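Asker: Residue strings, one per chain:
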Amino acid sequence: MPDLPVETELSRPVAEALALAATVVLDRVHGPRARDQAVVHADDSERAAEIHRVPIDDRARATYADAQEATEEGAEGIAVLLARRMLGRIVFRRLPKGTGADYLMRDPGANDSDAYERLECSGIADGQESATARLRSKIEQLARFPDQPPGRAVVTHFRQEPVEIRLGSFPT
Amino acid sequence: MNPWMADPRVEKAEVDAFEAERAERRGDLANARALHHAAADAFAAVALGVPADHPNTRTDLAIAAVASYARAGDFGRAVELARRVLAEGDALGERGRRELTRLMRQYAMLLAPPPPEPTPPALGPRATTQSPTLGEPRSDLLRGIYEKGAVEAEARSILAVLAARGITVSDAVRARIVACTDIPTLDVWLTRAAVVATASAVVRAKAPARAGGGGGAARQAHKA
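Chains as they are written, first to last, in the working numbering: chain H, 1 to 172; chain L, 1 to 224.
The hints are simulated quantities; they were obtained by calculation from the structure and are not laboratory data. It should be emphasised that the depicted structure is a prediction, and the values quoted were computed from it without experimental measurement. Just so it is clear, CB atoms sit at the ideal spot from N, CA and C, and this is done for glycine as well.
Listed below are several chain H residues computed to face chain L (Cβ distance under 7 angstroms; list not exhaustive):
id, residue
1, Glu9
2, Ser11
3, Pro13
4, Val14
5, Phe92
6, Arg93
7, Arg94
8, Leu95
9, Pro96
10, Gly98
11, Thr99
12, Ser113
13, Asp147
Bound-form chain L, shown alone (with noise of 0.2 angstroms):
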């Protein structure tokens, strides 16, 4: 076997991969997002360090990489890893430069604009709510404006998620989520745009947590 994918780092990221698409089956999206992360660093750091005469394995790894930062919600990560390994595109084959530039584009899509650049008034005093930082809205018309941004870039990351996926949108549910204006609703809905299998699943109601479910399969059957 190839020693990359023999890589204990690689076999531990393959359990956390697992155990995070069961946490999102049970709603657990918070434990989700961490496993898929803490698989996204595995895979990335190994895939790195995958030499040029072995491209399907660096590809493989440096894919499984981005998409699990995706499934973290980690859009950034995604794109910058991919970046990253395009850059040094001797090493990957053709397919690899062909699948991880659409990737990249896509989840490049799906990061929110940069706020607006404040123009200061000429006189009088600023009605700032906070102080300004790099990349935070500095009034609370920019906040407005900016979280406004926001909620529209979410609803269309969710809608592009979909689409990429091949998933048809009805009327009723393009509607429903083009018009929900609460971020941590929308956060929940991306996440589940990525999973499910229909689209009026983003949005239906949360499911319940499963009996017995807590200590996972995977840990479960490791004792049995």
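Excised from the complex, chain H in its bound form (with noise of 0.2 angstroms):
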């Protein structure tokens, strides 16, 4: 999480706020520590990955206090990070919701300035939702909208431990 504004070309206070409300969530159900074990599921693969939080105080804390809000905003900290590791995309955009995506992102390899990718970003904290469940409905979220660019989503289950994120896409 402390790499996540260099990581990506969001508006700085964007990507510290995200990096922010995924250390809180991180606390709020695991404790106090400075790093979490997970494991991201993508396709058929799975693989441990650590996630190191950022100093947090108690004004962190209040400010997330909504713990729907800590947990949205962490998922898309954990999804704009993965990204960058380990689809070596760029997040360089967050669009406002009703726009279709949560994120745009680009390939830095890639020539063409106008060609990216979307990226979904949730996350579950309480409940009884898995984060199998949870994927199927962003794909078919991004399904809705098959003329945007394709798409990545990314779902962080933050109450298992090892924390759990799974990847998917459309088109798969």
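Hints in hand, dock the two standalone chains.
Answerer: In structure tokens:
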């Protein structure tokens, strides 16, 4: 999480807020610590990972007192970093809701600056819903906008230990 | 990175839109609308300058602007911008034309119809309540008709937004929306309809303000 602002091209306040949110959620569900173990499931493979938290204080916890808000934004932080580390994509813009995508990301090796992909993010911190079921609904959401550029979806189940992260694509 | 997406105005709009969503969650709808509007203005200004060889960029910035105007409750500006961008359709791809046309039609439905044209009486003084100006009701009777129409249009708008978002509306919630005649309440519900996850959340009592949330995470994180 500390690297999130420099690994993306998002505006710095937004990037820092996402890193803070992810840490607050992890602090809330797993208690204070510096790192969390995670498993990333992509297609039929899985890979161990480690999430490094950013420093937080009571003010940060108060800012993210709304658990749903913290979970949503924290999951965005995880997804944005995953896009960089596992997909080699750079997330460059967060879109307003109602536009058919959460984020836009680009392949740094591509020459066409008008070619990019969508990134959908979702988080679970409580309740009975599984990350697999949530990922399925996010892929369906991407499929509702078939005209749009290709998309990826990342779902983070914070309560699992290790933290469960699932990655899917549309078109598959 | 493409220069329009990296434009400082777009970067600022990203932060404004982010903060607007946070303000909505806190129930600070006036601030949310102002921030959405500022974001929309910036997205629109940049979108209109994107050349035809970047149709995806032009499309996505235009959609961001149109959606932000709608989130600000300014459906008129949303429709106006969509029309303007579509008028320069050569700079859009097929996707952009289709998506902006869809949004324009969707938001045009949400615009209240103009007040009915008054018919002046043949004889006698007119029962005016205010100076007649364009688009305003001229008599108590017309004012009543206008307000009733506005209430019905706003209720229809709330239901249309929920339907467009694929959110199921129970008979009880539908009845409550249709029965409401208080325009400020309907204004709040309409803004909520654009963001909430369930129809029942549209009509629930206002959520209490969050403790310690006044500064906004982005600003606080910036200081951390």
